[in-house]
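A.B. asks: Letter by letter, the chains look like this.
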Amino acid sequence: MKIQEIVSLLNADVQSGADKLDEEVSSAFGSDMMSEVLAYVQDQGVLLTGLVNEQIVRTAAMMNMYCIIMVRGKQPTDNMKEMAEDNDLVLLTTELTMYETSGILYTNGLNPAGHSYV
Amino acid sequence: MSELVKLHYDVDGNDFAAAGEASMKIKKELRNLGFPQDIIRRIAIAVYEGEINMVIHADGGTADVSVGLDEIDITLADKGPGIPDVEKAMQKGWSTASEEVRSAGFGAGMGLPNMKKNTDEMEIETEVGVGTTIHMKVYVA
Ligand SMILES: Nc1ncnc2c1ncn2[C@@H]1O[C@H](COP(=O)(O)OP(=O)(O)OP(=O)(O)O)[C@@H](O)[C@H]1O
Ligand SMILES: [Mg+2]
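In order, the protein sequence lines correspond to chains Z and Y.
For the first sequence, the residue numbers in this note's numbering are 1 to 118.
For the second sequence, the residue numbers in this note's numbering are 1001 to 1141.
No lab work stands behind these hints: they were computed from the structure.
If you anchor each label on the Cβ, the simulated ranges turn out as follows:
#, chain 1, residue 1, chain 2, residue 2, range
1, Z, E100, Y, E1125, 44 to 52 Å
2, Z, Q4, Y, M1090, 37 to 45 Å
3, Y, S1103, Z, E95, 20 to 28 Å
Straight line, CA to CA, 16 Å or less: simulated EDC-like cross-link-like pairs of lysine to aspartate or glutamate:
#, chain 1, residue 1, chain 2, residue 2
4, Y, K1028, Z, E85
5, Y, K1028, Z, D88
6, Y, K1117, Z, E36
Built from N, CA and C at the ideal position, the CB exists for glycine as well.
One chain only, chain Z, in its complex shape (with noise of 0.2 Å):
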């Protein structure tokens, strides 16, 4: 689906990368634990979490994703928006939890992204 399909679905707000709403994203995974992300995710798409730092971004960037959604209303710091727009990723912001955010996206056709158990 189109990272705009996915601002709509949640109603959420666009932080960094509104230029970039066409892209298509087919795969999601959601955790606090960015060492788990890092671990388990073998493709690239979209990343669902309640963490607030600059390691989410990075995080993302590292693993060439599209879109990071943070999700219970938490907000971004600028220097993660500004490095959210340096890395070419969508940054966007939910008042829905992960679970709510998980099973609108899924039911929507977003598929678990790819992993493996290191």
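Following the hints, position chain Y with the ligands against chain Z.
C.D. replies: Relative to the frame of chain Z, chain Y with the ligands by itself:
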């Protein structure tokens, strides 16, 4: 090994927010040099895990990358506490990370195994009270 490019970065041990800056620069350099996406991703993940380790477990350190025609060599060196039991540290899930580190999204005990998974060779030299040096190689030929 014939070297094309050598990169050197200092990693500040007192700035968690900045951890990963060296990895980010290395990733950009490798992209500019035209390496394939999957090679860059593997190196970026391995160096980032190592860089985070130097910040959360040691007092920062250095990252050196030498880019050759057939392999990329990475050396991460710190003067931290060293690793008393490397075999244990290499086990998935084994971690001495503090509660603070865990609430910042790290400390699952997955970093070292993930560095090994993403590289073709990895060697750990460590001495308690002296420091840790990790050598990694990724074949590119
Ligand atoms: N540079 C280092 N200096 C001292 N100890 C280290 C260093 N790197 C790793 N260790 C030790 O090895 C353990 C395992 O490291 P590893 O990277 O696998 O997991 P972690 O850093 O604890 O958690 P994660 O990487 O999942 O965030 C660490 O908890 C720490 O005790
Ligand atoms: Mg680690």
